[in-house]
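Trainee: Residue numbers (the working numbering), protein chains in the order written: chain A, 794 to 1105; chain B, 908 to 1090.
Wrong hints could be hidden among the right ones.
Derived, one-sided and incomplete: chain B residues facing chain A with beta-carbon distance under 7 Å [what the hints assert, rightly or not]: (1) 979; (2) 983; (3) 991; (4) 1014; (5) 1017; (6) 1023; (7) 1028.
These aren't lab readings, by the way, just hints derived from the structure by calculation. Where is the CB? At the ideal position from N, CA and C, for every residue including glycine.
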Amino acid sequence: MKKFAHKHLLGLEGMTREEIEFVLDTAVTFKEVLERPIKKVPTLRGLTIVNLFYEPSTRTRISFELAQKRLSADTVNFSSSGSSVKKGETLRDTVRNLEAMKIDMVVVRHASSGVPYFLTRCLESSIINAGDGAHEHPTQGLLDIYTIREKYGKVEGLRVVIVGDVKHSRVARSNIWGLKAMGASVSVCAPSTLLPAEIEKMGVEVFTDLNKALWGADVVNVLRLQLERQERGFLPTLREYSRLFGITRERLTLLNKNYTIMHPGPINRGVEITPEVADSPESVILAQVTNGVAVRMAVLYLLSGQQEEAVA
Amino acid sequence: MQKETLILDERQLGRVLARISHEIAERNAGAKNLVVVGIQTRGAHLARRLAQLLSELEGLKVPVGEMDITFYRDDIETRPDRPIVKKTNLPFSIDDKIIILVDDVLFTGRTVRAALDELVDFGRPKAVQLAVLVDRGHRELPIRADYVGKNIPTSLSQEVVVRVKETDRQDSVALRDKKRAKK
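Just chain A, with the same shape it has in the complex (with noise of 0.2 Å):
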C-alpha cells in the first residue's frame, strides 16, 4: 500500500515519484471538494496552524490560508513587519513563544534558506516551507507538476524549459527536484549570470540560447525576473533582458503542438513574459492558482497526525 510518512515538508529534494503521486492523488479529491456548493469540510477541526511570513506574498499566503479554512483548522497569521521582530526579538525565540500557545503547524516563509529546517529543530510541530531563500519552494512545485499532470495525463516523458532567473528562484528547485522524479525532462535558461554555478549537477540542460531552449519543448515554466534581488548587476538592461529571454508570440512555433506556458506569479508583464502570451488558451497560469488551493490542503491533511519524521 501507497504510504505517505512525513512529519514536515521542507522540500522536494529526495521526495519519490510515489510520494509525489499520493499527494497529487489527494489533491485531485480535494480539488472535487472545491467544486461542493460548501467548499469545506471538517477534516482537521481543533489544529492549530501558524502562517509565519517573514516575506511578503500575496498567492502562496492566501492558497495556504484559504487550504487551511477549507479544512476546518484554526489559523492564526503572522507577517514580520509589525510584530516583535521589530524589537528586536530572534526567530528561535518568536517560534518557541508561538509554540507555547499551543500549536499544531507551522506554514514559514523566510529570505533565509534553512529556515524551515531549523524550525524543525526547535519546535514540535510540523513544518511546511512555503519558500525559503534561493532553497526550495516544495508546494509551488508540486501544484505546478499538478497542473502538467492535470493537462497531459503524465509528467513522464514531457520536456519542461524553466526559463528566467534561475539563480534566485526556489521555485526553479523545487520543480528541478520534482519533475526529475516523476520523469520528466528538464533544462533551464537563463543568462549566464543568472544560472547558479553547478546547476547541470541537478541533471538538467543548460541553455543560454532562447530560440535553442524552446526548440521541441513541451511546457515552458516562465520565472519572475526577481527585480528586488538584482541590485548586484546581473543584468544590462531590463529591455535587454525582455529581447533576450522574453516569451514572446513568436517563440511559440518552435515549441512542440500542444505546448503549455506557466509562470508561478506574480508576473511581470512585458518583461519576462509579453500579457499575449500570459493571457493566451495554452496559459495555464490561473489554473496554477486554483490548483494550489487543493495541493496544499493534501499537503497539510497528509503531514497532520504524522507523530515523527519517519526513518528513510
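Starting from the structure of chain A, add chain B where the hints point.
Mentor: Chain B in isolation, oriented as in the chain A frame:
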C-alpha cells in the same frame, strides 16, 4: 489463508438485494423522488446494483451517487495512515429527495454519522434512509438501519468480510477471526 465461515453466497446475496429493493419501493410507494448514495468502496457498488434493481422494478431511472467519507471521520488525528481518498460524486441535487444511503457493514455507526454530516453539506434532503448488507451490532452511536440484508451477531474479535464482483471477483459475505496485530 484464514478460515472463514460463509454467511451469504452469490445467489443469497442477490436475493437479499432484491428483497431490499422491494422493501424500499414498498415503504416509499414507488421510487419517485428517490436517489441512492453508496459509501465508498463496496457500499458504492451495492448502491449501483440497488439503483438498477429499483429502476427495473419501477420502470424509471433512479439516480445513483457515491461518497467517500474520509474527510468527515472523527478519528483522523489518531490514524497516522492516510489511505487514498476515493471519489465523491453526487451528480444531482439532493434537496427534497429521499436518499437511500447504502453501506456494506453497519458496525459502530461512526461511518454513517460521517456520511450524514457530509450529506447535509450537499443540501437538505427530505429524508435519509439507511440500507446495509450486514448489521453486525456493537453500535457506539444512536444509529439504526432501515433496511438490513442480514443480521449477524459477532464478537469484537471477528470481522465481516464482504466481497463484491466489481472489486473482489465474487459476491459473498463471510465471517472470520481478526488477524493478530500486524507487525
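Trainee: For every hint, state whether the structure bears it out.
Mentor: Evaluation of the provided hints:
no., hint, verdict
1, 979, "6 Å, holds"
2, 983, "6 Å, holds"
3, 991, "6 Å, holds"
4, 1014, "21 Å, violated"
5, 1017, "13 Å, violated"
6, 1023, "12 Å, violated"
7, 1028, "4 Å, holds"
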